[in-house]
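Peer 1: These are the residues of each chain, in order.
Protein chains: 2
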Amino acid sequence: MKSIRLLASGAAVATALTLSGCAGDLVVSDVGSYHVGGRQVTLTGLPTQEIIFSPGAPPLKVDPNGDFEVEQMYVHYTKLAQPKGKVPLLLWHGGGLAGVTWETKPDGKPGWEMYFLKAGWDTYVSDAVERGRASWARFPQIFTTEPMFRTKKEGWELFRIGTAYATDPKQRVANAGTQFPTEAFDQFIKQGIPRWVSNDGVTQKAYDAYVQKACPCVVVVHSQGGNFGIQAALNNPDKVKALVLVEPSGTPDPTKTDISALKNIPMLWVWGDYINTLPFWTGIFGKQEQFRAEVNKLGGKTTVIKLPDAGIKGNSHMMMMDRNSDQIAGLVQSWLVSQGLTK
Amino acid sequence: MKSIRLLASGAAVATALTLSGCAGDLVVSDVGSYHVGGRQVTLTGLPTQEIIFSPGAPPLKVDPNGDFEVEQMYVHYTKLAQPKGKVPLLLWHGGGLAGVTWETKPDGKPGWEMYFLKAGWDTYVSDAVERGRASWARFPQIFTTEPMFRTKKEGWELFRIGTAYATDPKQRVANAGTQFPTEAFDQFIKQGIPRWVSNDGVTQKAYDAYVQKACPCVVVVHSQGGNFGIQAALNNPDKVKALVLVEPSGTPDPTKTDISALKNIPMLWVWGDYINTLPFWTGIFGKQEQFRAEVNKLGGKTTVIKLPDAGIKGNSHMMMMDRNSDQIAGLVQSWLVSQGLTK
Numbered sequence: 016m017k018s019i020r021l022l023a024s025g026a027a028v029a030t031a032l033t034l035s036g037c038a039g040d041l042v043v044s045d046v047g048s049y050h051v052g053g054r055q056v057t058l059t060g061l062p063t064q065e066i067i068f069s070p071g072a073p074p075l076k077v078d079p080n081g082d083f084e085v086e087q088m089y090v091h092y093t094k095l096a097q098p099k100g101k102v103p104l105l106l107w108h109g110g111g112l113a114g115v116t117w118e119t120k121p122d123g124k125p126g127w128e129m130y131f132l133k134a135g136w137d138t139y140v141s142d143a144v145e146r147g148r149a150s151w152a153r154f155p156q157i158f159t160t161e162p163m164f165r166t167k168k169e170g171w172e173l174f175r176i177g178t179a180y181a182t183d184p185k186q187r188v189a190n191a192g193t194q195f196p197t198e199a200f201d202q203f204i205k206q207g208i209p210r211w212v213s214n215d216g217v218t219q220k221a222y223d224a225y226v227q228k229a230c231p232c233v234v235v236v237h238s239q240g241g242n243f244g245i246q247a248a249l250n251n252p253d254k255v256k257a258l259v260l261v262e263p264s265g266t267p268d269p270t271k272t273d274i275s276a277l278k279n280i281p282m283l284w285v286w287g288d289y290i291n292t293l294p295f296w297t298g299i300f301g302k303q304e305q306f307r308a309e310v311n312k313l314g315g316k317t318t319v320i321k322l323p324d325a326g327i328k329g330n331s332h333m334m335m336m337d338r339n340s341d342q343i344a345g346l347v348q349s350w351l352v353s354q355g356l357t358k
Numbered sequence: 016m017k018s019i020r021l022l023a024s025g026a027a028v029a030t031a032l033t034l035s036g037c038a039g040d041l042v043v044s045d046v047g048s049y050h051v052g053g054r055q056v057t058l059t060g061l062p063t064q065e066i067i068f069s070p071g072a073p074p075l076k077v078d079p080n081g082d083f084e085v086e087q088m089y090v091h092y093t094k095l096a097q098p099k100g101k102v103p104l105l106l107w108h109g110g111g112l113a114g115v116t117w118e119t120k121p122d123g124k125p126g127w128e129m130y131f132l133k134a135g136w137d138t139y140v141s142d143a144v145e146r147g148r149a150s151w152a153r154f155p156q157i158f159t160t161e162p163m164f165r166t167k168k169e170g171w172e173l174f175r176i177g178t179a180y181a182t183d184p185k186q187r188v189a190n191a192g193t194q195f196p197t198e199a200f201d202q203f204i205k206q207g208i209p210r211w212v213s214n215d216g217v218t219q220k221a222y223d224a225y226v227q228k229a230c231p232c233v234v235v236v237h238s239q240g241g242n243f244g245i246q247a248a249l250n251n252p253d254k255v256k257a258l259v260l261v262e263p264s265g266t267p268d269p270t271k272t273d274i275s276a277l278k279n280i281p282m283l284w285v286w287g288d289y290i291n292t293l294p295f296w297t298g299i300f301g302k303q304e305q306f307r308a309e310v311n312k313l314g315g316k317t318t319v320i321k322l323p324d325a326g327i328k329g330n331s332h333m334m335m336m337d338r339n340s341d342q343i344a345g346l347v348q349s350w351l352v353s354q355g356l357t358k
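Protein chains in written order, with the numbering used here: chain A, 16 to 358; chain B, 16 to 358.
Bound conformation, chain A alone:
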């Protein structure tokens, strides 16, 4: 385990790396996107639907049977003319969210995508299978369960923004000293996307195809993305040059999976504040630390930053949207530099 001390100067390092154009501008060689992974399925035998296309109009018969493309994912990239990162930086979102997590913050301030672009990284921001521009498929015929919709209450409380949600914003109780811009909470919730609990296998498959296509790379994951990112590194150990795990919620089971390939991949865990206030999070944190210990036993190069221990207080689960998101990105940037991943 590395000390977190070397990261104390992260903000300064990041500032020095900020410019790749003139006066804060970016010199960009390409912006674009693609879908990757997925397969064709054919639906047959479904009854014809009657759909009313316009209010008052008679229903039209629609045949829902046929061929479809499903289980692909979506990737948006911004490539710099002269990147300083040796490889691109891939940003993977968490559960019930899409790549928007990494873009402009809900309070309108620049997010981690812009931070890392300014630090000189080509950035890739993706939507996993079933989310956002990746699209989703008919259920229960293709996706086998019902979708789930996160309530605002769950977003407020589970993401450690506050202890008690209320419909009226004035009645909501935020965590003392929170860094989350609570006035932008409703705006944050607009980023939410329905999720399925039955798609982990096809999601991993698409992520693996993505890594095969876009990497070598650094993978930065958040929350639910943790398990996918670690598994993708195991499945493609020559392709993933570092893993940054922002409050990852899961890992492959080290008693059932050979995780020895991780010993060659630098790994950084980052944790926010208030972890001890919810058993859900103390449980996740404990399991992640056990997993990290397993990686270390195998000779792995892991680092963990518990932000409060580094004197940085008040961070929610959505730390890339918190007021001090640049400060945290600076710690990540400093660690990436320390791993020799920049030119």
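These are computed hints drawn from the structure, not numbers from a lab. Take the hints with a grain of salt, since some may be wrong.
If several chains are the same, the list does not tell them apart, and a pair holds so long as it fits within one copy or across any two.
[As the list claims (entries may be wrong)] List of simulated lysine-lysine pairs, BS3-like, C-alpha gap at most 25 Å:
| id | residue 1 | residue 2 |
| --- | --- | --- |
| 1 | Lys302 | Lys312 |
| 2 | Lys254 | Lys220 |
| 3 | Lys124 | Lys94 |
| 4 | Lys278 | Lys328 |
| 5 | Lys228 | Lys254 |
| 6 | Lys220 | Lys328 |
| 7 | Lys76 | Lys168 |
| 8 | Lys76 | Lys302 |
| 9 | Lys228 | Lys124 |
| 10 | Lys101 | Lys76 |
| 11 | Lys271 | Lys220 |
| 12 | Lys312 | Lys271 |
| 13 | Lys76 | Lys94 |
| 14 | Lys278 | Lys220 |
| 15 | Lys124 | Lys312 |
It should be emphasised that the depicted structure is a prediction, and the values quoted were computed from it without experimental measurement.
Guided by the hints, dock chain B onto chain A, whose structure is given.
Peer 2: Same frame as chain A, now just chain B:
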């Protein structure tokens, strides 16, 4: 009606306008995104769901009731350090699709977003309500109907790529001389997003909020976006400085709507090839030409380009993905220049 002759040199004009950085690079001041529009809804009285989160695990009870944010839309922007467009260019997708329409083409070549960035426009690429990163809401409780999923057959035939779809790509019959890269058809279909037929009202509301926030602007619409774009111009006539209508599929009803505000907004219609091969398209084209005549009667400044009449053959409904997409973008760019919308 303006002659299409002035547009013949479009490609050359566009080339001259290509550079805003050095040697093909873009000098970008900001990339980012936001959600706009929408409202909070509260669901009550729904039964608790039993969800199996992991294979083999017992079902967990999930309460689907609570507060949600719904009916917002998503906007991604790329701002240039020194734009040549006097206002930003907003790109609005068609039915069953998302903003990806405008990004990199399914064959991996640059799309219209990159074309117009290189021509010096700040570009805004959005996902309408219910699509992509805009997210979608529980049905039938919030969205009142069932979603619809476009078959590959419909994509092939309705979008005038070919006359007969088959599951086996080798068996598909393309239109003679098609400009669509048929080898990338499956890749194109991966961009498809389920749609609802009951969301026009809330979609228009979000588009209007978007125009209020992002404009003055030029609005470029495709297909289903046509009706939303024209209505948004009527609702915000001081904000929309020009409308580019790429095969729009609908309009407000001029017998029920005061469309006189359109007389001050330059409007360009663009139509591809094979229109006469499908009654669906001859019907739409005829209605659009009637609408255009109404605008002209009121003193409107409208232009129409039927690509085959201009000697440009083989274009599908997805002309921004066709092999000659740059040529068509060049015609649009030339028209925008002719309307005094560039510096």
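Peer 1: Decide, hint by hint, whether the structure agrees.
Peer 2: Here is what the structure says about each hint:
In the homo-oligomer, the alpha carbons of Lys302 and Lys312 lie at most 25 Å apart inside one protomer (15 Å), although the nearest pairing across protomers, at 71 Å, exceeds that limit. Proximity of Lys254 to Lys220 under the C-alpha cut-off of 25 Å is restricted to the intra-copy arrangement: shortest distance 15 Å within a copy versus 45 Å between copies. In this homomeric assembly, Lys124 and Lys94 come within 25 Å of each other (Cα to Cα) both inside a single copy, at 21 Å, and across copies, at 15 Å. Taking the shortest Cα distances, Lys278 and Lys328 never come within 25 Å of each other, neither inside one copy (31 Å) nor across copies (57 Å).
Only within a single protomer do Lys228 and Lys254 lie at most 25 Å apart by alpha-carbon distance; the minimum there is 10 Å, versus 42 Å between protomers. Taking the shortest alpha-carbon separations for Lys220 and Lys328, neither the intra-copy value of 37 Å nor the inter-copy value of 40 Å comes in at or below 25 Å. Taking the shortest Cα distances, Lys76 and Lys168 sit within 25 Å of each other only across copies (16 Å), while inside one copy they are farther apart (40 Å). Taking the shortest Cα distances, Lys76 and Lys302 sit within 25 Å of each other only across copies (24 Å), while inside one copy they are farther apart (52 Å).
Taking the shortest Cα distances, Lys228 and Lys124 sit within 25 Å of each other only across copies (16 Å), while inside one copy they are farther apart (31 Å). In this assembly of identical chains, Lys101 and Lys76 lie within 25 Å of each other by CA distance neither inside one copy nor across copies; the values are 55 Å within and 46 Å between. Taking the closest pair of Cα atoms, Lys271 and Lys220 come within 25 Å of each other only inside a single copy of the chain (19 Å); across copies the shortest separation is 51 Å, beyond that limit. In the homo-oligomer, the alpha carbons of Lys312 and Lys271 lie at most 25 Å apart inside one protomer (16 Å), although the nearest pairing across protomers, at 74 Å, exceeds that limit.
When the C-alpha separation of Lys76 and Lys94 is checked against a cutoff of 25 Å, the pair qualifies neither within a copy, at 46 Å, nor between copies, at 45 Å. Taking the closest pair of Cα atoms, Lys278 and Lys220 come within 25 Å of each other only inside a single copy of the chain (23 Å); across copies the shortest separation is 53 Å, beyond that limit. When the C-alpha separation of Lys124 and Lys312 is checked against a cutoff of 25 Å, the pair qualifies neither within a copy, at 41 Å, nor between copies, at 47 Å.
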